[in-house]
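K.L.:
Read off the chains here:
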Amino acid sequence: MNAIIGQPVSRVDGPAKVTGHATYAAEFSLPDLAYAAMVLATIPRGHVRSIDRAAAEAAPGVLAVMTHEDAPRLPYKQIAQRPQVDAQSGEQLHVLQDDQVRFNGEPVAVVVAETLEQAVHAAELVRVEYARSPAVTIFDAKQGRPPGEGNAKAGRVPELGRGDVEGAMAEAPVRVEARYVHPREHHNAIEPHVTIAHWEGESLTLYDKTQWVDNDRKEIAHVFGMEEERIRVVSPFVGGAFGSALRTWPHVTLAVMAAKRVGRPVRLELTRRQLYMAVGFRPHSEQHLRLGADKDGRLVALEHDVVQQVGRYEEYAETALSPTSHLYQCDNLRARYRLVEMDTNSPCPMRAPGVVTGVLGLEMAMDELAVDLGMDPLELRLRNYAEQDQQKGLPWSSKELRACYETAAERFGWARRKPEPRSMREGGTLIGYGMATAIYHSDRSGGSASVALTGNGMAVVRSASSDMGPGTYTSMTQVAAETLGLPVDHVRFELGDTNLPYAPVHGGSITMASLGNAVVAACQAVQTKLAGLAQAAQQGPFAGLAENAVVARDGGLGRADGSGPVVPYAELLRQHNLGWVEAEGSAQPGEETKKYSSAAFGAIFVEVRVDEALGTVRVPRMVGAYDVGRVINPKTARSQCIGGMVGGLGMALEERAEWDARFGKVMNANLAEYLVPVNADVAELEAIFVPNDDRNFNPLGVKGLAEVAICGVAPAIANAVWHATGRRIRELPITPERLLG
Amino acid sequence: MHPFTYAPVADAAGAAARALAGAQFIAGGTDMLQLLQENLVQPQELADLNGLGLAGITEEQDGALRLGALTRLQKAADDPLLRERCAVAAEALAASASPMVRHMATLGGNLLQRTRCLYFRDVSTPCNKRQPGSGCSALEGENRHNAILGGSEHCIAVQPSDLPVALVALDAEVLIQGAGGAERWVPVEGFHRLPGDTPEIETVMQPGDIILAIRIPAHATRWRSHYVKARDRASFAWALCSAAVALRLDEEGRVAELRVAAGGVATKPWRLMRVEQELLGHRLDRDRVRLAAVWASEGAVTRPGNAYKAPLLQHTVERAILELGGLA
Ligand SMILES: Cc1cc2nc3c(=O)[nH]c(=O)nc-3n(C[C@H](O)[C@H](O)[C@H](O)COP(=O)(O)OP(=O)(O)OC[C@H]3O[C@@H](n4cnc5c(N)ncnc54)[C@H](O)[C@@H]3O)c2cc1C
Ligand code: SF4
Chain A
1 MNAIIGQPVS RVDGPAKVTG HATYAAEFSL PDLAYAAMVL ATIPRGHVRS
51 IDRAAAEAAP GVLAVMTHED APRLPYKQIA QRPQVDAQSG EQLHVLQDDQ
101 VRFNGEPVAV VVAETLEQAV HAAELVRVEY ARSPAVTIFD AKQGRPPGEG
151 NAKAGRVPEL GRGDVEGAMA EAPVRVEARY VHPREHHNAI EPHVTIAHWE
201 GESLTLYDKT QWVDNDRKEI AHVFGMEEER IRVVSPFVGG AFGSALRTWP
251 HVTLAVMAAK RVGRPVRLEL TRRQLYMAVG FRPHSEQHLR LGADKDGRLV
301 ALEHDVVQQV GRYEEYAETA LSPTSHLYQC DNLRARYRLV EMDTNSPCPM
351 RAPGVVTGVL GLEMAMDELA VDLGMDPLEL RLRNYAEQDQ QKGLPWSSKE
401 LRACYETAAE RFGWARRKPE PRSMREGGTL IGYGMATAIY HSDRSGGSAS
451 VALTGNGMAV VRSASSDMGP GTYTSMTQVA AETLGLPVDH VRFELGDTNL
501 PYAPVHGGSI TMASLGNAVV AACQAVQTKL AGLAQAAQQG PFAGLAENAV
551 VARDGGLGRA DGSGPVVPYA ELLRQHNLGW VEAEGSAQPG EETKKYSSAA
601 FGAIFVEVRV DEALGTVRVP RMVGAYDVGR VINPKTARSQ CIGGMVGGLG
651 MALEERAEWD ARFGKVMNAN LAEYLVPVNA DVAELEAIFV PNDDRNFNPL
701 GVKGLAEVAI CGVAPAIANA VWHATGRRIR ELPITPERLL G
Chain B
1 MHPFTYAPVA DAAGAAARAL AGAQFIAGGT DMLQLLQENL VQPQELADLN
51 GLGLAGITEE QDGALRLGAL TRLQKAADDP LLRERCAVAA EALAASASPM
101 VRHMATLGGN LLQRTRCLYF RDVSTPCNKR QPGSGCSALE GENRHNAILG
151 GSEHCIAVQP SDLPVALVAL DAEVLIQGAG GAERWVPVEG FHRLPGDTPE
201 IETVMQPGDI ILAIRIPAHA TRWRSHYVKA RDRASFAWAL CSAAVALRLD
251 EEGRVAELRV AAGGVATKPW RLMRVEQELL GHRLDRDRVR LAAVWASEGA
301 VTRPGNAYKA PLLQHTVERA ILELGGLA
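If you read the protein sequences in the order shown, they are chains A and B.
So for the first sequence, UniProt numbering puts the first residue at 1; every next one is plus one.
So for the second sequence, UniProt numbering puts the first residue at 1; every next one is plus one.
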């Protein structure tokens, strides 16, 4: 049978999605479903003085109005070990538990009604009086403080480095120093967050938009002081998330409370505007870099300070220093990470959290250094190529970044770039070429899967993972099909249900490296089990054979010595009068992190066209080459990468929360004014995968492939804008006012 | 969202009566649905104008073009007559919104689109236009979208539609039917009002008024014209700044007639008379156009967030005239 891994298999869930048969969280229809709508605070800090709910309660269809005055007091038990997606210290928002307002947009009431429209209308009738307290709503980098112990322990360290930065910097013949600003950004997945909560006696079912059903269950169990076994979370399809659905947000708790109160299943869906307050976002960041190099362009000193905003009630932090710690060879390095507390909802992971930020500063500063050195930006990267992870003192499990640079540069035509800024144009349009490196650390986590071989020749593979869009359904199907020796359409992968075997978080680009290996293990386990049954049987082709004498091959079992036919699984099941046979398998990280450092790499080259008079930048083409280890499915992998390019384009040129400090609020909280790229912004995108197979990292040979795709894109564009115009725009996004200013 | 009823209307008189009784009109609904969702308007009834038979573009006997109020933006943008004779209008329409929106949105609705001022659209913040007397949050707030021309201390909201800017350059008029059934023509240039101290009053429309049509006079259909729009992304974004230019040269190649109007920068479609005067009677050359365009931002009042619009306006006007004059 031909290899299935590595084939561009079309999404197995594609037909269901385009025909509307895929059921998203909001679409589960339950008898007697009621609808909830939230009332959000309109001040940045203070407390609720009074709530007039009479008009809301009297409105048609209203079943309940709940505020802090009458909401049940919830136990909010501490989780022994916080999952990596949560804030690592402080208290998660205890929703409707007191009269305090911690940020503009904190829920202060929830209304439940017969219809969505009735609930929304009644929510608008709730009158809330507030007493305002002074609030911190202006980002002041000088107020930055180190992250707390919880975050440091979880790898969000306040400081890292090596060598003597000051000494080396003082002696460096070439130095650059710059400050970069990156605004608060919002995920804006097309599917809004939504939860349906359904109590049956003391048991609870949640239909939720989530990237991690197990964590959802655990969180709600702790919030309500319930046994986890009483909660089931169902989430078969997720309409994009980019990290916003990693955590369990307060509205899930609200839905659960509301459903309890009215004794009916309740659906709570956030509006687009509410998404800017009720879930997290990528925090505003400011970073300061100093680079020192010798005349040949070798980095001798590197200093990188990153300051990000954080909410005040809990502490969410990111691994913003990770790329700087190991992307380039440099003996003297100091990086610091600081947080500025503000009265805002809590930030949360958004595609390549922290890393995309760190890469942005580092890769823009490298470009500035190349200019000062009079050196080609690509050449500068090659001179500082890190042959090992210097910070960890470990070799890479694999690194094909050089091949990425070469392949992408060649394909892009980097050689045609004239080094001088403003030197390339077509008519009145300035043309710029820019490049940057991408990196995202590769992690693994433990997980398990089950496989059932059935009498009709199908294999059903299950694990409580998620597929927010990368194509997990498809790639896991391929892994199972190849391992079992079955065609792709004989394998069905099921996910998104806490009743299925445990899966780790669907985030951090870890899913294939973690769960893929569990799927392989489960497939092998079911083959072994079937072989065992066949060998132990009284009759049949393998009856009485020794343990090693039967092997799985070509979709069935055969003799290890190759003699005799291969008997398909289904036929064996029939022969032994079995409806199905099922087994579980799991995979855990091994010793690899002790021996190696692992990361996915990329090189991005972009062309921009700048209309200087109108201040507009367009991007006619981008070429990226990636080392992501083994590629399970080049089609979905390409989708990931071009999606990352589009996200990076938005980051460079369009995305920004327009924050009004007087209200502590994002004012452009809708898709008409918070801009993300549209089709007309996106032209030629090319993603190339350089050959690699990282068995040092995990048996499947894959690395992460999701977050790396957005890293490096924005700095490449900013660098290209410099090349086109001679202007270094150090604050994103690069909008007309910045180019005209 | 406030509860409301829905009623399709069959004739203009019936529609007017409903409006006087508290109904608001819906045409394509592309703005109205947002206004309802954000609780910015609370009509008791939505009276649907789609049954009025007001769609279509026709040529009148004298050569004027009549654009029915219910014509969809996309239909108008694709209309051969309009494209050939009034390029600026077709171009402005093609550069409006997105294909999906353009297939729903109507010309009449476009004239009445409400501002995109961020504070107007968020009920939790003060806004004089939405709630007279509550204050203007944009003056000291996030105002990169707001106006540098035509504002007052009470409001600096931009009228965000592209089409009316082109219509001002074409001397176009709006045909309005009053509640009593009487029809009147209003020049597009006089259709929108300056905010002054009543920013809640945006146009000359009176209760019960219905827009029936837009007319582009015959003389303007013989002009050459052009629209340039600067925006944050390549499509589906309101203008940060736009310029509409219509022009007639005499036999010697001198500017005999010229209209220049700007959008995205002012509280209403903004006629740039001074720029016109600088060029009237002259041959177009690059320097003269550049110097004339500098006058575009005359009288601009800028704030930190929207100061960029002054140079942008000059550049956009210059670009539009140069391109139209074949000098770009
Ligand atoms: C995301 C987005 C982007 C957009 N970008 C642009 C852009 O770049 N440029 C641009 O110009 N526009 C843009 N638009 C706006 C769009 O063009 C307008 O919303 C549309 O033209 C309004 O027409 P409608 O028929 O949908 O009006 P409706 O929403 O139905 O009505 C709008 C208003 O007009 C009134 N009304 C409608 N017809 C009549 C009539 N015949 N007589 C009296 N009153 C009437 C209604 O009562 C209502 O008050 C955008 C819209 C969206 C949603
Ligand atoms: S500019 Fe006008 S619309 Fe905007 S906040 Fe001020 S008053 Fe309201």
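Calculated from the structure, these hints are not laboratory results.
Any given hint might turn out to be false.
To be verified - A few chain A residues that don't get close to chain B, going by computed Cβ distances all over 12 Å: (1) I79; (2) G105; (3) Q118; (4) A141; (5) R273; (6) Q329; (7) P421; (8) G555; (9) E612; (10) L614; (11) F663; (12) T735; (13) G741.
Said to hold, decoys possible - Between beta-carbon pairs, the in silico distance windows are: (14) B:A21 - A:R621: 56 to 66 Å; (15) B:L327 - A:Q388: 38 to 48 Å; (16) B:D78 - A:G20: 28 to 38 Å; (17) B:M104 - A:P15: 42 to 52 Å.
Note that CB positions come from ideal geometry on N, CA and C, so glycine has one too.
K.L.:
Now, for every hint given, state plainly whether the structure supports it.
P.N.:
Status of the hints after comparison with the structure:
| no. | hint | in the structure |
| --- | --- | --- |
| 1 | I79 | holds (34 Å) |
| 2 | G105 | violated (9 Å) |
| 3 | Q118 | violated (8 Å) |
| 4 | A141 | holds (20 Å) |
| 5 | R273 | violated (8 Å) |
| 6 | Q329 | holds (39 Å) |
| 7 | P421 | holds (21 Å) |
| 8 | G555 | holds (47 Å) |
| 9 | E612 | violated (9 Å) |
| 10 | L614 | violated (4 Å) |
| 11 | F663 | violated (6 Å) |
| 12 | T735 | violated (6 Å) |
| 13 | G741 | violated (6 Å) |
| 14 | B:A21 - A:R621: 56 to 66 Å | holds (58 Å) |
| 15 | B:L327 - A:Q388: 38 to 48 Å | violated (59 Å) |
| 16 | B:D78 - A:G20: 28 to 38 Å | holds (30 Å) |
| 17 | B:M104 - A:P15: 42 to 52 Å | violated (29 Å) |
Figure legend: structure checked against the earlier numbered hints; hints not met, in rising order: 2, 3, 5, 9, 10, 11, 12, 13, 15 and 17.
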